[in-house]
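If you use this note's numbering, the sequence shown corresponds to residues 13 to 208, in order.
Note that these hints are calculated values from the structure, not bench results. There may be inaccurate statements among the hints.
[Claimed, not checked] Between beta-carbon pairs, the in silico distance windows are:
1) 152 to 61: 18 to 24 Å
2) 141 to 166: 17 to 23 Å
3) 189 to 169: 20 to 26 Å
4) 182 to 146: 21 to 27 Å
5) 134 to 76: 24 to 30 Å
6) 168 to 26: 30 to 36 Å
7) 100 to 162: 23 to 29 Å
8) 76 to 162: 21 to 27 Å
[Said to hold, decoys possible] Mimicking DSBU-like on lysine-lysine, the simulated pairs with C-alpha atoms at most 35 Å apart in a straight line are:
9) 146 to 108
10) 196 to 23
11) 23 to 184
12) 177 to 108
Glycine included, C-beta positions come from ideal geometry on N, C-alpha and C.
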Amino acid sequence: MPKSNRLERRKVVARLVRDRKELVVVTSLGSPTYDLADAGDHERNFYLWGAMGGAGVIGLGLAIAKPEIPVMVVVGDGEMLMGMGNFATIALQAPKNLTIVVLDNELYGETGSQTSHTSAGADLGTIASGSGIKNVLRVNTQAEVEELAVRVNSVGDGPTVAIVKIAAGDDKRVLPSRDGVWLKTRVQASLGTLPA
Numbered sequence: 013m014p015k016s017n018r019l020e021r022r023k024v025v026a027r028l029v030r031d032r033k034e035l036v037v038v039t040s041l042g043s044p045t046y047d048l049a050d051a052g053d054h055e056r057n058f059y060l061w062g063a064m065g066g067a068g069v070i071g072l073g074l075a076i077a078k079p080e081i082p083v084m085v086v087v088g089d090g091e092m093l094m095g096m097g098n099f100a101t102i103a104l105q106a107p108k109n110l111t112i113v114v115l116d117n118e119l120y121g122e123t124g125s126q127t128s129h130t131s132a133g134a135d136l137g138t139i140a141s142g143s144g145i146k147n148v149l150r151v152n153t154q155a156e157v158e159e160l161a162v163r164v165n166s167v168g169d170g171p172t173v174a175i176v177k178i179a180a181g182d183d184k185r186v187l188p189s190r191d192g193v194w195l196k197t198r199v200q201a202s203l204g205t206l207p208a
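Given the sequences, and given the hints that come with them, work out the whole structure.
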């Protein structure tokens, strides 16, 4: 797909959470966190500020703990390249309520916008399929974003990985809380799982 025709990341993320009901969203460090915060803070937003490569398995843990609640993980291509092993673990556990959304601009945005491996042929969708994930979507149009917005807000028939090709851009940083304990407790309270 020509880079000039790619989707705008902020608009994609805002659309995915616009009609949320019970959805829990985990974001990786950097732009996915800023994008979600820009769409509006929510008690079921869990922003990560570190642990690069770990967002997928944090989402997996939530999905296993609450199988009736949809869980969406929003990551960049750099995060997913670092955490490719997540795909195999997610496929093995096969939660029906987990969607991994990879915002792929083919750049390492947080470190200076160097080109990532996806710009040179690494295909995260193929890697997810090869790891055993049966539902792999390639999202390149607004109509496909609309379909994905329905998927992330429901429990499906297995984990889903959606590769969304997005335009490069340097949107203003929208910084939510960096207090990890507070964020975790807030999500737990919203799910009714605070320890006694």
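Hints versus structure:
no., hint, result
1, 152 to 61: 18 to 24 Å, "violated, 30 Å"
2, 141 to 166: 17 to 23 Å, "holds, 21 Å"
3, 189 to 169: 20 to 26 Å, "violated, 35 Å"
4, 182 to 146: 21 to 27 Å, "violated, 35 Å"
5, 134 to 76: 24 to 30 Å, "holds, 28 Å"
6, 168 to 26: 30 to 36 Å, "violated, 22 Å"
7, 100 to 162: 23 to 29 Å, "holds, 27 Å"
8, 76 to 162: 21 to 27 Å, "holds, 23 Å"
9, 146 to 108, "holds, 11 Å"
10, 196 to 23, "holds, 26 Å"
11, 23 to 184, "holds, 14 Å"
12, 177 to 108, "holds, 24 Å"
Checked against the numbered hints listed earlier, the structure breaks hints 1, 3, 4, 6; every other hint is satisfied.
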